[in-house]
Structure formats: structure tokens, C-alpha cells
Amino acid sequence: MGKTISEKIISEHAGRSLKSGDISVVDIDLVMSQDGTGPLAVSQIEKMGFDSVKNPEKSIFFIDHAAPSPRRELSNSHSVLRNFSKRTGAILSDVGQGICHQVLVENYVCPGDIVIGGDSHTCTSGALGAFATGMGSTDIAVGYTLAKTWLKVPDTIKVNFNGMLNEGVYAKDIIIYLIGKITSDGATYKAIEFGGEVSDRMDMDGRFTISNMAVEAGAKTGIFNSDGITRTYLEKRDRSGCFKSIYADEDALYEKVIDIDCRIIEPMVSQPHTVDNAIPVIDLEKIMVDQVFIGTCTNGRLSDLRVAADILKGRKVAEGVRLLVVPASKEIYIEAIREGLIEIFIESGAAIQNPGCGPCVGIHQGILADGEVCLSTQNRNFKGRMGNPDAFIYLSSPATAAWSAVKGYISDPREAG
Amino acid sequence: MSKNVKILRGTSFKFGDDISTDLIAPGRLFHLRSNLPELAKHVLEDADPEFSRKVKPGDFVVGGKNFGLGSSREHAPAIIKLAGVGAVLAKSFARIFFRNSINVGLPVLVCDTDKIEEGDELEILLSRGIIRNNTRNIDLKFNPLPEVMIKILNDGGLVGHIKKNRGFNL
Ligand code: SF4
Numbered sequence: 183m184g185k186t187i188s189e190k191i192i193s194e195h196a197g198r199s200l201k202s203g204d205i206s207v208v209d210i211d212l213v214m215s216q217d218g219t220g221p222l223a224v225s226q227i228e229k230m231g232f233d234s235v236k237n238p239e240k241s242i243f244f245i246d247h248a249a250p251s252p253r254r255e256l257s258n259s260h261s262v263l264r265n266f267s268k269r270t271g272a273i274l275s276d277v278g279q280g281i282c283h284q285v286l287v288e289n290y291v292c293p294g295d296i297v298i299g300g301d302s303h304t305c306t307s308g309a310l311g312a313f314a315t316g317m318g319s320t321d322i323a324v325g326y327t328l329a330k331t332w333l334k335v336p337d338t339i340k341v342n343f344n345g346m347l348n349e350g351v352y353a354k355d356i357i358i359y360l361i362g363k364i365t366s367d368g369a370t371y372k373a374i375e376f377g378g379e380v381s382d383r384m385d386m387d388g389r390f391t392i393s394n395m396a397v398e399a400g401a402k403t404g405i406f407n408s409d410g411i412t413r414t415y416l417e418k419r420d421r422s423g424c425f426k427s428i429y430a431d432e433d434a435l436y437e438k439v440i441d442i443d444c445r446i447i448e449p450m451v452s453q454p455h456t457v458d459n460a461i462p463v464i465d466l467e468k469i470m471v472d473q474v475f476i477g478t479c480t481n482g483r484l485s486d487l488r489v490a491a492d493i494l495k496g497r498k499v500a501e502g503v504r505l506l507v508v509p510a511s512k513e514i515y516i517e518a519i520r521e522g523l524i525e526i527f528i529e530s531g532a533a534i535q536n537p538g539c540g541p542c543v544g545i546h547q548g549i550l551a552d553g554e555v556c557l558s559t560q561n562r563n564f565k566g567r568m569g570n571p572d573a574f575i576y577l578s579s580p581a582t583a584a585w586s587a588v589k590g591y592i593s594d595p596r597e598a599g
Numbered sequence: 004m005s006k007n008v009k010i011l012r013g014t015s016f017k018f019g020d021d022i023s024t025d026l027i028a029p030g031r032l033f034h035l036r037s038n039l040p041e042l043a044k045h046v047l048e049d050a051d052p053e054f055s056r057k058v059k060p061g062d063f064v065v066g067g068k069n070f071g072l073g074s075s076r077e078h079a080p081a082i083i084k085l086a087g088v089g090a091v092l093a094k095s096f097a098r099i100f101f102r103n104s105i106n107v108g109l110p111v112l113v114c115d116t117d118k119i120e121e122g123d124e125l126e127i128l129l130s131r132g133i134i135r136n137n138t139r140n141i142d143l144k145f146n147p148l149p150e151v152m153i154k155i156l157n158d159g160g161l162v163g164h165i166k167k168n169r170g171f172n173l
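Protein sequences appear in the order of chains A and U. Numbering-wise (our numbering), the first sequence opens with residue 183 and increments by one. Numbering-wise (our numbering), the second sequence opens with residue 4 and increments by one.
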């Protein structure tokens, strides 16, 4: 019997042939946490009686969620991570470097790796053909100290995005559409493998967006084949040495196969307060927005900023609307400056913030007021997410976000021309 | 859990479907993550602002489907446990929350929570897989935990397991 991608990768790391449902202790290639989950991981490491990490060059701490720190307690948590990395030789990605998931795919993750991260969107790295999954601080603490974890090999759902993308429709729209269809627990405990012509042609930025949101359907990870597009991405980053072709076997056994004809998908939004509350923009009543946020590990990449700048060029953000733009990494930020995108944003009325999570998780840099509405390119719109349980978050692609910032209400980007 | 003959007793606090980790341990209280007892005073605040004042040691949190969806923050099950909650019952759990709960030693049980209302008096026989709803006079069954998780729970959570075995012994 053939193997799914998850079965292949986990078998290789367990040193024996495994199939879905099997449980095994496995070696891991990379382990990471961020400033929300890392401090607890450090204290758990100490509780286990360790003061070291197994593979310092494969152990990373990110300071990205509240970076730079907005308050004293968080500054102290940041110190914990800085001191621990210094002591153990673990890698520290400090303020200004960017969001963990973006920095990971740019510099660290290779196809075929097992990556565990103290952050639910660790599945983002699955776009490179890695088995990447989020865990809590204690599991991550064990990952740091032993370079091992235990995994249950998941069943896999194969999702084929077939056909082609309509004008104004992006990776974000098709993943919102999918989650609307299968719901927020439609893939719980499962891996999703993405295939079909649309996935096979999609650039890495689009694939990252899709893998990033696999967890919003409950999935353990969201994986793409690693193919020519993956190879080119790694080559451009001087990392071609770590390329490996990763495919499922032809006769792999899937729990189910979902075929989606992308030609029927239009620009989508998720309405408050769940991601699966999905609706085409044109079916939405007139929703005025107070804040528009373009950024995050879902849609703060260069191609996202290009699409948004293309719409905002020569236009102004509507009166009464705040537009926040946050590049996902330092590298993206620099390139966006070189290409003149940042100037376009500022000219249009946007406020630019340093690479990091920005206002996504409601700690700083754009907390909503009571009753306010935000349209965001992030992955999650749960009640209270942006710092206020009495506010309303809608999710969309960067194109829809940019055009809505211009119009002042949630609008179809196809009107932008 | 065969060694565990404990009976849990308490009152049910009923919540709906899709109780996210943002509702359990809000991001806006990020600064309290290094102070779990303080964070625990806000447990589930955005779902029920009165909860942390009403809950008594041993009581149960009862949810619908997909309890604990969202972020990987282990602080969510940790503060539920710290608030004194004896177990969380739900129709289904999000993956990371479920795993985190075992790691911090909080029992999480999958059962048909439609048969439980707010304020019901429950008795849970962990080793027998039975939830007795004494208010409604019905018995509910819950799915047994996987062997690996029982081993971790029996060692008092993952830290205890690793300490005891100087590594994994699953
Ligand atoms: S950008 Fe948002 S979703 Fe992504 S890692 Fe940061 S807080 Fe989490």
C-alpha cells in the first residue's frame, strides 16, 4: 500500500514503516516557540531538570507577538528568552526580524522535515513539503531538550483545487471557501494534502497562505508536494541544497478526497466570530469598516503587499478608516521599500509598523474600540481576538482589504479594475 | 487511567460550540501569561464574565463541539485546571488543546454533552468511563483515552513522564 506524505515523513523520522493511526516517538528537525509560548517552555525545561537544548542550531525562539514590548511584564518575558538562548546557544530571532512562521520558511525549513512549534500556525511550513505542526509549551520544551516528540500518524484528507482562479480571487479566498465548506472542525486530527492544478501552479506565497490556515479547519498540518516551484523558491534563497522532492504515492490511502472547482469561487470573507462563517463579498450587506489590517503570517508577504499596493496606488484610504500595513519579515520589508510599495501605502494614508504579528492577537499596535469593525488579512476572527470582545473582525484577501480601505466598507476587489 | 479510581464530583457550567482559546485565555491578557494564578482569575471571561467567580473546586466545564480551538497556548487548559475545574467535557476537542490538557494533567472527556445542562450535578468515574448525571438520572459514556495519553496522565503530565524516565517511555 502506498503512503501519504505524512506517512512517508513520519516513517522516515521514526526509523520504521508507519501508517495512519500508528503512534511513535520521532526525531524532529526543528523546534520553535514565540514570546507567548516560549517563556512557559523555558520554565518547563527547568522543571524537567534541564538547562540545555539538544540541537541549538535547530532550536529557535522568536520575539514577534509583542515586539517591541508594550509593557513591563512582557519585557521581562522577552528577557527570559534572550537569556535562555544566550545560555544554551539556541537561536534567537528578536524584535524586527519578523513573524516566526515567515522567518522559518525563509531560512530554516526544508522539504521532508518534521517541525514542531509552540504556535498553532506552525502548519504554514507544510507548504514546503514538511510535516509541521503546532503544540503547546510542554511538548515544545521536550522538543528543545530531547529533539524528539511523540506523534500519531494522522489520516489525510486530500483537497484538490481544480480549474483556475477567477479574477480578483486569491489563495486566501479559496482557503476561506474550503473552511466554510468543511467547517472549523472538518479536519480535526487530520492532515490535509493540497493538490489539483491550481495548487500545482500556485507560487510559494499562495501555498503558505493556504497551509497557514489548515489549522482553522482543525487540521494537524496542511501539506503541499515539494516540486519545481519549491525548488526555485529555495534556490532563490541560496538553500537549494536542502531541496528534496516530496510526493504522496499514487496509491496512497486517503480518508476522503475533496474536489473543488475554483472557477465557482468568488472573493470571500469570513464574518464574525468564526472563520467558517464564510460568504462571497458580493452577498454581504454594506459593512462599514473602522480599521483595515494588511499583514500577518497569513498575508503579510511580498506578493500580498504588491497586490494591495497595486490597488492603493494613486488612491486614498477613505475618511474615517485606519489602514495598518505590517510586513511579515524584515526581508519582505526591505524588498517592499526597494519596490516602492511602502511609499504607495504611506501616500494612500496607511500606517506602517515593524515586521511582526502587529495587531493580530490583540496585544498592541491596533486594538479595536467597542463596536468597531476591522477587515483583516489574518487567519482568525474569534471574539476578542484583536483585543476587544465587543468588536467585530472580518477576514479577507489583501486585495479585498485594500479596496475596502479605499471604499470605506467591505467591497469586491474586482471593482478596483 | 486504570490506576485512577478517583470519582470526580461537581456542578456543570455549560458553554456552547467552538469555545476558542481566545475566549478561555484572551490575547489581551498576554502580559499575565507569566503569572498563571492572576490569569486564572480571567478564565473563560469572554465567554462568561461571571464564571471565575462562580466556579468551585471540582466543578466541570461542559462545552459543545470543537472545544479549545485556536491557538496553541497551553495557558488555556492550565488556567482551567488552576481555577479548580475537575474535568472538561465536550462533544469534541481541538487537537492542540486536547494534547495540552493531558500534558498539564487536566482530564478532557468526549461525550454527548446535549444530555447535560447548566447546573447539573455530575459524578465522573474516570476508570470506568462513566459520567453520572444525578440531576437527570442518566449515565453517559465517554471515549477512553489513547494508551499513550493514559501513561502521560498517570505520570502526572508530560514533565513528570520525562523526569521519571529521563526521556520518552511510551
Ligand atoms: S501573525 Fe497572528 S496568527 Fe500569525 S503567528 Fe502572529 S499572532 Fe499568530
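In short, the hints are calculated from the structure, not lab data. Some hints here could point you the wrong way.
Ranges between beta-carbon positions, derived for each pair [as the list claims (entries may be wrong)]:
#1 A:D443 with U:T138: 36 to 42 Å
#2 U:K44 with A:D385: 43 to 49 Å
#3 U:P147 with A:S261: 51 to 57 Å
#4 U:I153 with A:S199: 21 to 27 Å
#5 U:R131 with A:A533: 56 to 62 Å
#6 A:M183 with U:E120: 44 to 50 Å
#7 A:K468 with U:P52: 30 to 36 Å
#8 A:G197 with U:E150: 19 to 25 Å
#9 A:S261 with U:G61: 47 to 53 Å
#10 A:D204 with U:K44: 23 to 29 Å
#11 A:Y591 with U:I141: 25 to 31 Å
#12 U:R139 with A:K201: 52 to 58 Å
#13 U:N157 with A:G278: 25 to 31 Å
#14 A:G502 with U:E150: 55 to 61 Å
Even glycine gets a Cβ: it sits at the ideal position worked out from N, Cα and C.
Practice prompt. With respect to the beta-carbon atoms only, verify the hint that U:P147 and A:S261 lie 51 to 57 Å apart.
Written response: 43 Å, violated
Fill in: Cβ separation of A:S261 and U:G61, checked against the hinted range 47 to 53 Å
38 Å, violated
Worksheet item: Lying within 25 to 31 Å: is that true of the beta-carbon distance A:Y591 to U:I141?
Response: For A:Y591 and U:I141 the Cβ distance comes to about 50 Å; the hint is violated.
Item to complete: Using the Cβ atoms, figure out if U:R139 sits within 52 to 58 Å of A:K201.
Response: 42 Å, violated
Discussion item. Quick check on a hinted range of 30 to 36 Å for A:K468 and U:P52, using CB atoms only.
Written reply: Given range 30 to 36 Å: holds, Cβ gap about 32 Å.
Discussion item. Looking only at beta-carbon atoms, does the pair U:I153, A:S199 fall within the given range of 21 to 27 Å?
Written reply: 26 Å, holds
Worksheet item: If you check the beta carbons of A:G197 and U:E150, does the distance land in 19 to 25 Å?
Response: 21 Å, holds
Worksheet item: So does A:M183 sit 44 to 50 Å from U:E120, Cβ to Cβ?
Response: 47 Å, holds
Item to complete: Take a look at whether the Cβ-Cβ distance between A:D204 and U:K44 falls inside 23 to 29 Å.
Response: 42 Å, violated
Worksheet entry | Beta-carbon spacing of U:R131 to A:A533 - inside the hinted bounds 56 to 62 Å or not | Holds, at about 59 Å.
Worksheet item: For the pair U:K44 and A:D385, does the Cβ-Cβ distance stay inside 43 to 49 Å?
Response: Roughly 47 Å apart at Cβ, these two residues keep to the hinted range, so it holds.
Worksheet item: In this structure, is the beta-carbon distance linking A:G502 and U:E150 contained in 55 to 61 Å?
Response: 58 Å, holds
When each numbered hint is compared with the structure, violations occur for hints 1, 3, 9, 10, 11, 12 and 13.
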